[in-house]
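Student: With the hints as extra help, turn the sequences into a complete structure.
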Amino acid sequence: MTQLLIEAGRTERQYWRDLWRYRELFYFLAWRDLLVRYKQTVVGVGWSLIRPLLTMIVLTVVFGKLGKMPSGGLPYPLLVLCGMLPWQFFSTAMSESGNSLVTNSSMISKVYFPRLAIVGSSVITSFVDFLISGVFLIVLMLWYRCAPPLTVLFLPFFVLLAFAASLGVGLWIAALMVKYRDFRFIVPFVVQFGLYISPVGFQSSVVPERFRLLYALNPMVGIIDGFRWCLLGAQSDTFWLGLGISVIDVIVLVISGIWYFRKTEQTFADVI
Amino acid sequence: MRDIEAPSTAAAMPNPAITIENLGKRYTIGHQRANGDGMRHAIEGAMRAPLAWLRSRRDKRLQEADFWALKDVSLEIKQGEVVGLIGRNGAGKSTLLKILSRITIPTEGRVRIHGQIASLLEVGTGFHQELTGRENIFLNGAILGMPRAEIVRKFDEIVEFSEIGEFLDTPVKRYSSGMYVRLAFAVAAHLDPEILIIDEVLAVGDTAFQKKCLGKMGSFAQSGRTVLFVSHNMEAVRNLCQRVIWLKDGRLHEDGKADETIEAYFNSISNELSFSFANPDYGLIIHKVVLKNELGKESSQFRPGDDLVVEVFYDAQKRIEKPILAIGVLGINGSCFTSNMLLDGHWPDFLEGPGQITCTFRSIPLLPQGYTVKLSVRAENVRDLIVAYQEVAYFSVVGDLADYGYKGEFLTWAPHSTPVVVPYEWRLPDGTTAAVALRRPTFDSADHISSDLGDHPLTASVTSALQGI
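Here the protein sequences line up with chains G and E, keeping their order. According to numbering that gives the first Met the number 0, the residues represented by the first sequence are 0 to 271, in order. According to numbering that gives the first Met the number 0, the residues represented by the second sequence are 0 to 468, in order.
Rather than coming from a laboratory, the hints here were simulated on the basis of the structure. Mixed in with the good hints, there may be bad ones.
[Said to hold, decoys possible] Taking lysine-lysine and the BS3-like style, the derived pairs with C-alpha atoms no more than 25 Å apart in a straight line are:
no., chain 1, residue 1, chain 2, residue 2
1, E, Lys321, E, Lys373
2, E, Lys153, E, Lys77
3, E, Lys70, G, Lys262
4, E, Lys77, E, Lys247
5, E, Lys287, E, Lys317
6, E, Lys172, G, Lys38
Tutor: Following this line, the structure appears as structure tokens:
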């Protein structure tokens with residue numbers, strides 16, 4: 000017979016077992032968000048394609064044509080799209096998962112389940128969008144007759160890294176948002192700002208030497224450069240430095256994110 | 000783990016299902032600031048004077064007022080027991096349930112739970128308006144902890160129980176509130192835990208469905224599983240539970256047989272003088288609400304056909320223009336009758352200072368049952384509630400229905416049907432007529448008063464009081 004001990008000031012031992020027991024909830028919540036997202040829309044899932052397409056055009060015009068940034072011999076739209084897919088995944092996951100606990104507050108105050116499922120499923124939802132947008136990238140690569148180099152085999156690693164980064168940041172913001180709704184204003188700002196400090200519309204090589212270390216602290220730098228390296232073979236000067244820092248960033252984010260989330264999780268129902 | 004054998008083993012050897020030791024939950028009052036203020040306060044403090052801020056954080060616990068929603072609660076519930084949890088609003092019932100359901104953690108003490116536990120603090124948690132009934136069954140099931148395979152297996156049963164039929168593939172936002180609640184309860188009712196915690200889920204839905212839910216919970220209880228049932232509906236508690244736990248001000252006040260504890264609870268409530276509702280915005284305090292019989296004596300027991308006098312003692316610290324009072328009497332199945340100044344137009348011009356308002360319900364046509372009195376006070380603009388509609392008093396109607404013209408072997412069924420009875424008359428095919436009335440025979444006409452004297456000790460006092468007038 001299952002035994003459960005609830006005690007003051009003590010985190011539950013069976014936390015991870017519970018998470019496993021509720022694993023289907025990740026799927027169901029993500030499924031709900033996906034179902035709901037495009038209900039009563041005319042274009043439906045098409046939005047997952049239109050959004051990156053339009054952003055890509057704007058960024059190509061602004062950075063490529065007007066800003067005349069170097070493309071390293073690659074088609075600029077492709078360069079932009081390679082950076083934009085992981086960036087959009089990360090930024091959407093960050094805002095969605097950041098809001099997720101507050102949006103689902105009625106569930107949190109009325110029923111028990113590992114709250115990590117809510118944040119996790121938000122990241123999964125954004126990930127599905129990312130995969131759909133990925134189709135668009137394949138089409139564009141075919142259009143430019145641009146075959147990916149062998150390094151494409153490392154792509155899953157960078158996808159995983161992007162996923163972990165999203166989850167780590169998502170956990171932090173979601174937990175903070177429960178107590179401090181200020182993050183509702185901070186997150187959109189970070190997303191907007193982040194687009195310009197991440198190599199989405201340009202390549203990392205245009206960043207001046209003396210700013211590179213500071214620049215590389217952004218976990219998305221290594222991830223986006225990694226995507227370009229895998230798909231287009233484009234290797235910026237700061238690639239390895241950026242990658243190393245990104246991996247450390249992501250590990251720190253995920254571990255600290257889980258730590259903070261678990262620390263505050265038990266009082267969510269009291270505070271939210 | 001689903002232990003189907005549990006009931007029989009439990010009967011032979013009642014192991015504890017829930018053990019609670021010295022449980023306490025503290026909330027800090029003033030902790031919840033307005034949204035967004037929290038972080039500014041924290042950051043500003045930290046930036047301006049880091050040391051002072053750290054020190055204030057350390058001392059904060061001492062400055063803010065603590066409130067123990069639950070304190071020193073210890074009890075044990077055995078396997079297979081069906082236990083009712085009663086108490087006034089704010090007595091700590093919800094807090095206890097939230098701790099048992101693992102929604103929040105206790106500040107002190109511990110709880111041991113043996114076996115799979117599920118709790119229904121609200122039906123329809125996680126329902127999404129945009130999703131169809133079918134989709135919501137799966138989603139809600141998953142949130143309540145049902146594995147997908149189990150939902151698939153019970154799907155047809157759930158749909159049938161919910162009676163939503165052809166609307167299965169309609170988004171729930173198009174459902175009537177009744178359908179919504181039925182579907183929600185249907186999912187919850189098919190959870191199959193060893194220990195079930197239920198909070199007031201019966202407060203929703205139409206009467207027929209409420210009965211169905213009660214039946215489902217009854218059969219669940221009879222199957223030997225452990226149930227902890229929280230409700231303000233004393234009849235439902237009495238029907239379902241053998242044992243009742245009464246919480247008062249966060250502490251365990253009484254724990255015993257259902258009938259005795261409920262009786263004690265009723266008596267305490269009707270004698271309670273400290274009760275008060277206040278609305279500081281309007282400066283209105285309702286000190287107490289007293290129920291009296293036609294002799295002007297305080298009482299919590301009435302007989303069918305008695306007058307029910309509801310006296311509301313208030314103190315209007317500010318002048319309140321044209322307050323609108325509504326008093327309602329509710330039985331097991333919901334509202335029986337109300338008096339409402341909004342409808343009858345007899346509101347006072349203003350209230351100022353202490354005073355009282357009395358409403359006398361003449362010859363209450365009620366069957367023996369437990370009843371609740373609710374009160375609300377609206378502002379002159381009708382829209383704003385000065386006192387929200389809430390329970391202010393309880394009373395029970397007692398009496399042998401045989402005395403009031405009821406007869407037959409099904410008499411015990413009567414209180415479970417609709418409680419309000421107006422006088423009526425049957426005319427049968429053979430031309431015979433039969434009149435039925437809940438009024439006391441003594442009040443039918445003046446002639447009867449003298450002839451019935453002595454039959455009923457209570458009637459005797461009524462008559463003497465009447466003669467005194």
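Student: Against each hint, give a clear statement of whether it holds in the structure.
Tutor: Cross-check of the supplied hints:
no., hint, in the structure
1, Lys321(E) with Lys373(E), "20 Å, holds"
2, Lys153(E) with Lys77(E), "29 Å, violated"
3, Lys70(E) with Lys262(G), "24 Å, holds"
4, Lys77(E) with Lys247(E), "22 Å, holds"
5, Lys287(E) with Lys317(E), "18 Å, holds"
6, Lys172(E) with Lys38(G), "13 Å, holds"
Checked against the numbered hints listed earlier, the structure breaks hint 2 alone; every other hint is satisfied.
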